[in-house]
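Participant: One letter stands for each residue in the lines below.
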Amino acid sequence: MGGVSLFIPCSVDLLLAELGQATVKLIRRAGQNPFYRPEQTCCGHPAITSGHTDLAVNLAKRFVEIFEKDDCIVCPAGSCVYTIKHLYPRVLKDEPAWQQRARALATRVYELSEYMVDVLGVEELGAVFQGKVAYHESCSLLRHLGIDQQPKRLIAGVKGAELVPLTEADTCCGFGGEFSLRYPELSGAILGDKVQNFINSGADVLLLSDPGCLLNIAGYLSRNHPEKKVMHLAQFLAANLREEVTA
Amino acid sequence: MIPQTERYREMVLESLRNERQRQLAGRVAGIFKFLRSYALQSYEDPAQVMRNVADTRARSVENMPELLERFEERAAAAGAKVYWARNSQEANRIITDIVTAKGIKLAVKGKSMVSEETELNHVLEKAGVEVFEGDLGEFIVQQLHQPPFHIVGPAINLSAEEISDLFVSLMGIEPTHDPVALGRAARVYLRDKFASAGVGITGVNVAVAETGSICLVENEGNIRLATSKPRIHIALMSIEKVVADIGEALEAIGLLTKSCTGQKISSYVSVITGPRKDGESDGPDELHIVILDNGRAAFYQDPELRQALRCIRCGACLGVCPIYTRIGGPTYGWIYSGPMGAVLNPLLLGVNRCQDLFEACTQCGFCQEVCPGGIKHLEMFNRYRQMVIHGYSALNVRKEPKKGTRFMKLFAWGMGAAWRYRVGAKLGRFFLKRYVKDGKIHALPILKGWFQYRDLPGPAPYTFREWWASQESKSVKHSAGKEGSVTHGQ
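First to last, the sequence lines map onto chains S and U.
The first sequence runs 1 to 247 under the working numbering.
The second sequence runs 1 to 490 under the working numbering.
In short, the hints are calculated from the structure, not lab data.
Keep in mind it's a predicted model, so treat the numbers as computed, not measured.
Certain hints may be false.
[To be verified] Cβ-to-Cβ under 7 Å is the rule here; a few derived chain U residues that face chain S:
{"id": "1", "residue": "Glu161"}
{"id": "2", "residue": "Cys364"}
{"id": "3", "residue": "Ile389"}
{"id": "4", "residue": "Gly391"}
{"id": "5", "residue": "Tyr392"}
{"id": "6", "residue": "Ala394"}
{"id": "7", "residue": "Tyr453"}
[As the list claims (entries may be wrong)] Heads up, simulated BS3-like pairs for lysine-lysine below, C-alpha to C-alpha not over 30 Å straight-line:
{"id": "8", "chain 1": "U", "residue 1": "Lys403", "chain 2": "S", "residue 2": "Lys93"}
{"id": "9", "chain 1": "U", "residue 1": "Lys376", "chain 2": "S", "residue 2": "Lys132"}
{"id": "10", "chain 1": "S", "residue 1": "Lys152", "chain 2": "S", "residue 2": "Lys61"}
{"id": "11", "chain 1": "S", "residue 1": "Lys61", "chain 2": "U", "residue 2": "Lys437"}
{"id": "12", "chain 1": "U", "residue 1": "Lys448", "chain 2": "S", "residue 2": "Lys229"}
{"id": "13", "chain 1": "U", "residue 1": "Lys437", "chain 2": "S", "residue 2": "Lys228"}
{"id": "14", "chain 1": "U", "residue 1": "Lys376", "chain 2": "S", "residue 2": "Lys93"}
{"id": "15", "chain 1": "U", "residue 1": "Lys399", "chain 2": "U", "residue 2": "Lys448"}
{"id": "16", "chain 1": "U", "residue 1": "Lys433", "chain 2": "S", "residue 2": "Lys228"}
{"id": "17", "chain 1": "U", "residue 1": "Lys402", "chain 2": "S", "residue 2": "Lys93"}
{"id": "18", "chain 1": "U", "residue 1": "Lys403", "chain 2": "S", "residue 2": "Lys69"}
Cβ coordinates follow ideal geometry from the N, Cα and C atoms, glycine included.
Make the full structure from the sequences, and use the hints.
Facilitator: This is the structure in structure tokens:
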């Protein structure tokens, strides 16, 4: 079939289109041909994690049907990749045939930085940024998918960018989906600490790899520190690509 | 302590307001976290040891019924008396009977979570037995009638000033804020209790089926003293403490102390096999071991839920939990706190009354990464959530309407077809656009919790799929077209 099948999660489609565009731009810059299946909707993550697993069965099957013909599926959201790879087999546990199909599909689904570094072996995309960056280790990548080095390699591949240490980089930003709505004070307390650590790091921009953390931290910065900047790694790389490269 | 897990929400607000406690919880957690990772480096291959112990825990729980029988047989052969207690009342009655039959009026204790689970101190005191906790932190919270702040460091939230005030009134010492002087005062005070106590009561960290031994881990020597000075030693253990042999026990203890206090090994590890035998100089005349079920067998039948029994009470999950580190132990409303409490309490107290414990989770998964027992906390929490939504008669879980279920049904239906998604997206974006101010949304009539602390970005002028469709049709029309911000040279 060839090409790279894009899975652009609903949150990105609806609120963060530019993150989807950045994903496309990076994949093309790496010399690959992305394509997009418009039948795709949501992976069902919110339904599954809130305990409405039964409601997600159809969404999981739907996802498998749409994507299982593709050789390589790439997504810029750690939590959605986690859902497909690790939660679908549980959601489909009563239907072994479907579970098997989901497991088979899971081996071909990649988080964007994982795809770049591990699959393509690309670490330098030709981005330039004069300044300091900090990296927040989104839980979905670090702990649920075991992706820790790949985003940092891509950052190291940005000319001029200095990665500065971030205190408690590996602790949660307090989002947790439904959690942020049900326990706003707790979520806000965790988030406030995360942002304080970012400010203390002295970085010009905070990078991360999950749209959940992005909406959470960006929403807090917008309210309290509008001069501070947080970006998805893909957006950061895409925005700082030098337009002309000689291969 | 009387469970008050239902008060979680209001207690969260109280603890978040307590700035000092919040900072302390965070700082203490940071220290434990650092010490743990440092201590783990003393293993050649820490990940391998974690896997070994998790496997051992899983196997021990699988084989628990046989292991317990063998343990009972071997412990009895070594001269211990073994009792089975179905619940707290039975365990407390067995222990109170042993103590009062001998006319004992004074008991010393080693810190034991399971004795807090049964509220043993309270029952003994009602039977006219004076009880002193021998662990310094536990002694302090006992005297203050407070719940432990941390399962391993019960009084870690208290300042030297507060402890000085307590000791002044309890022991008549001169006020001092010197921790060493305070420790010495407690030592003098408690030494007297150890000397005259008729019974020492402890928990059990690990029970060894092969030898009938019990293993106890501590730093202060109070357990060593409580198990050797009084003529009678009573050990209370829950059923999941048993492992097959001493090798498994020692490997688990090695990881326990590293996970717990970040020590390569604790100052004391006692392995006790029966009471003092003829010709031995140390140990009590009688060793009584009480094995407690207290609701564990009820969920043991469920292969997923029984993983809760793999917990070795190290507290590593507390130190890394973004929730625990903001609110501390007492907020959880019962003796077991943090992620391990959120796993255990629903099974021991009832799922319905502990809902906030497993709902208030960001699903970051840090707890399961550090858990020596290999517990998958997130799977457990998800299972509890499902139980509340659908009801679960095997554990008497009541079906309860969950806020958001109706929305979730609509959401799942809407996401079930691309055309419904597109229509929903149009409506949703139309709705959102009415609230955009300076490119941001600052409030909506829904999602109030979100807007309490954050804004949302105003939706982009197009969705990703709209953009994709437009650039695709353009690139069909002008096959070498250059559009938008994307450089595309194919």
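Participant: State for each hint whether it applies.
Facilitator: These are the hints, each one checked on the structure:
no.: 1; hint: Glu161; verdict: 26 Å, violated
no.: 2; hint: Cys364; verdict: 4 Å, holds
no.: 3; hint: Ile389; verdict: 5 Å, holds
no.: 4; hint: Gly391; verdict: 12 Å, violated
no.: 5; hint: Tyr392; verdict: 12 Å, violated
no.: 6; hint: Ala394; verdict: 17 Å, violated
no.: 7; hint: Tyr453; verdict: 4 Å, holds
no.: 8; hint: U/Lys403 to S/Lys93; verdict: 26 Å, holds
no.: 9; hint: U/Lys376 to S/Lys132; verdict: 37 Å, violated
no.: 10; hint: S/Lys152 to S/Lys61; verdict: 34 Å, violated
no.: 11; hint: S/Lys61 to U/Lys437; verdict: 39 Å, violated
no.: 12; hint: U/Lys448 to S/Lys229; verdict: 24 Å, holds
no.: 13; hint: U/Lys437 to S/Lys228; verdict: 19 Å, holds
no.: 14; hint: U/Lys376 to S/Lys93; verdict: 17 Å, holds
no.: 15; hint: U/Lys399 to U/Lys448; verdict: 26 Å, holds
no.: 16; hint: U/Lys433 to S/Lys228; verdict: 24 Å, holds
no.: 17; hint: U/Lys402 to S/Lys93; verdict: 24 Å, holds
no.: 18; hint: U/Lys403 to S/Lys69; verdict: 38 Å, violated
Hints 1, 4, 5, 6, 9, 10, 11 and 18 from the earlier list are contradicted by this structure; the remaining hints agree with it.
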